[in-house]
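Asks: Sequence:
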Amino acid sequence: MAAASPLCPEELLLPRGGPGKAEELAEELEEDDELDETLSERLWGLTEMFPERVRTAAGATFDVSLSVAQRMYRFSRAALWIGTTSFMILVLPVVFETEKLQMEQQQQLQQRQILLGPTTGLSGSMPGALPPLSGKI
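Going by numbering that gives the first Met the number 0, the letters in the sequence shown line up with residues 0 to 136, in that order.
Check each hint, because a few of them may be wrong.
What follows is a set of in silico ranges between Cβ atoms, one per label pair, in the way DEER data are often shown [said to hold, decoys possible]:
1. L38 / A68: 22 to 32 Å
2. A68 / L42: 17 to 27 Å
3. I88 / E36: 35 to 45 Å
4. P50 / Y72: 27 to 37 Å
5. P92 / L115: 33 to 43 Å
6. T83 / T55: 16 to 26 Å
7. T46 / R70: 26 to 36 Å
8. L114 / G82: 46 to 56 Å
9. G44 / F74: 35 to 45 Å
10. L38 / S66: 21 to 31 Å
No wet-lab data here; the hints were simulated from the structure. For each residue, glycine too, the CB sits at the ideal point set by N, CA and C.
With the sequences and hints as input, model every part of the structure.
Replies: Set out below in structure tokens:
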């Protein structure tokens, strides 16, 4: 057996048929580039490799999932609307009235402090505080 001679880098890049073969490959690649397929055409072509039963099952699954997603979206919109309006009608008036009562109590406390002095205003509002002593010590 004869020892193989080392190949130069140009020979490594060329196909075994020589330079003529490389030109043929380049022409084939250019012809492949001319085949313009859209993404939808490619996907449609891929569907042909699956049996009809699998394609119909996948289509039905897609339709059902789309229908469920639409129903869930409609339900969530309705539930959010009902929850928001119910909160505004039922809870906000209570919050406003509670705030109003607290403000009235605060105003009454300030009026007592102005009329009777700071210690009397505080003692009247503090539960469990001892009443002021009457009489002289």
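Asks: Need the list of violated hint numbers for this structure, in ascending order.
Replies: 3, 6
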